[in-house]
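Student: Chain by chain, the residues:
2 protein chains.
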Amino acid sequence: MARGKRSGEFERIARYFAPLAADVPGARELRDDCAFLELPEGQELVVKTDAIAEGVHYLSDDPPELIARKALRVNLSDLAAKGAVPRWYLLNAAFRRDHDDAWVAAFARGLAKDQAEFDVRLVGGDTITAPGPAQFSVTALGTVRATWGLHRSGAHAGDDIYVTGTIGDGALGLLACRGTLTGLKPRQIEHLVQRYRLPLPRVDLGHHLLGVANAALDISDGLVADLGHLCESSGLAATIEEARVPLSPAARATLVLNPALIETVLTGGDDYEILFAAPGSAAKVLEHRAREARTPITRIGSLTAGKGVRVVDAAGKPRILSRGGWTHS
Amino acid sequence: MARGKRSGEFERIARYFAPLAADVPGARELRDDCAFLELPEGQELVVKTDAIAEGVHYLSDDPPELIARKALRVNLSDLAAKGAVPRWYLLNAAFRRDHDDAWVAAFARGLAKDQAEFDVRLVGGDTITAPGPAQFSVTALGTVRATWGLHRSGAHAGDDIYVTGTIGDGALGLLACRGTLTGLKPRQIEHLVQRYRLPLPRVDLGHHLLGVANAALDISDGLVADLGHLCESSGLAATIEEARVPLSPAARATLVLNPALIETVLTGGDDYEILFAAPGSAAKVLEHRAREARTPITRIGSLTAGKGVRVVDAAGKPRILSRGGWTHS
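Keeping their order, the protein sequence lines are chains A and B. Heads up, this note's numbering is the position in the first sequence plus 8, with the first residue counted as 1. Heads up, this note's numbering is the position in the second sequence plus 8, with the first residue counted as 1.
Calculated from the structure, these hints are not laboratory results. A virtual CB, placed ideally from N, CA and C, is assigned to each residue, including glycine. Be aware that a few hints might be false.
Said to hold, decoys possible - Computed footprint of chain A on chain B, listed as stretches where at least three residues anywhere in the stretch have a Cβ under 8 Å from a Cβ of chain A: (1) 58–70; (2) 82–89; (3) 97–110; (4) 125–133; (5) 255–264.
The shape of chain A in the complex, shown without the other chains:
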């Protein structure tokens, strides 16, 4: 493949990445060794780091804009689920040898778009030429009112379980990328692929959950596994009513064609929706706040004393899942 100019590290940083740091004085135009960041009074720092690797978390020929945005968004999703407001991020970019300046420019454009969308700024990082496949680590920094942040623990028996958005699109989208979903309309395929490539971190809702939700996390390992994590940390059991799990029209159409894919929906992961627990008495407040945040939420089940996650179908019959690891109800 014909490849264009490849500038050196300093030049790439100055040309493509320094503009992303322009309006944070403490980032010092990425020309110093560290960033200096001031936290608003009464806030604590919330930190998350996650890496995505070529061939593992994204496909080699995915558009660079989307790779960049995914690397950032999977981290913003974690901050959002803790109730934090994302503010800054750092990037370790290990570009592939044949990533030319045009590729890097497109990657940086992706970041610029998401900076505007989520009001976050690049404050530091490092770029190298990878000796193998490309890899991108993002460290996201947010703030939350001190001691108010949400955790996996903290849920109570009797709490309702909620999710934002729709479940399963990411995992079905990966199948669609691999060409193993058949019978869907092109725009349904496109919807699922887009949801896999570009998750939507629920940053608008997260901080609205403070003082209302008792526990929260984002769904990256799969609904059942992540609910398992919440249950384990909170010392509780969960029951999900399968019929209540919110699905996109594309996911619904997929399940009509292949009902066995319900397991992929429930356990596949890559949802990047917020899963949270809240007392029944908070239902009205939650409804109001979700509307304020323009983020759909759905109650899908409840927590009880005990251990493990149980999924029941419309008839109340437990569903046996072969994957998920948390079905010991």
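Go by the hints and put chain B onto chain A.
Tutor: Positioned in the frame of chain A, the structure of chain B alone reads:
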């Protein structure tokens, strides 16, 4: 090569990495999605991230303890040079497929040693199996009295230029690792190799420079290049007196055998010493603080109006360097 057991990601985190986060409550035993960190009042956050890749920044058969410590130390070195006290770090580890549990355990032991030595704690991270060579990104978080942090800019014409420790050992150590240094005694080789593999971030001195030094950075690109960065940011020129540049006995012995290696010493990098500028009037205070911090410092030259870095030999004659890029005096 025979390889041992390889546990899954969750098990590795629980067994090898969670103990490193045990005494930071906000790290939540690495069992939540984010870390929650409180900054002391009046302090700002100082952040740095840097990655090291197998075959680029370290050699494939380097001991895992030393790889881990180097990944951490190159970041601590930056914080130290800004006058910050390092407090926490996050780790993105992309282990190689054949890194077994024993390898990971040794890697974690290296981190534990340095946590004790530098009083920092792991608060989060991510481990994946790399599709290619291994790679480790560290994000280091420190604190400094708000607005007091040191930058590359800020130096004044007339300031003296100082360095900590000795210069050139890291770059000569890399040559020694490659077997291209001959004629040295085994313990001299060992000294240089050790300095390449395990830099010593000057964390004890850094915060002692606050209120005394006008500008500072750590030497990673090479003395001449990094002094060039300081000059460019401060809008000044520098003259280094070559005879004053502090050398270890092993580096001295190397130069006796091969005087041309002076260029490697001055431009080779991997020193991880602090380079700083301070007014002549601060000399006595600096001497006192360096003694307090048990860190040797040496005045190697001075700053004037102008542009570029000039190195002069014992006779006052400018040395022409083929590398360094900053010799346009």
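Student: Which hints, by number, does the structure contradict?
Tutor: Number 5 - this is the single hint that the structure violates.
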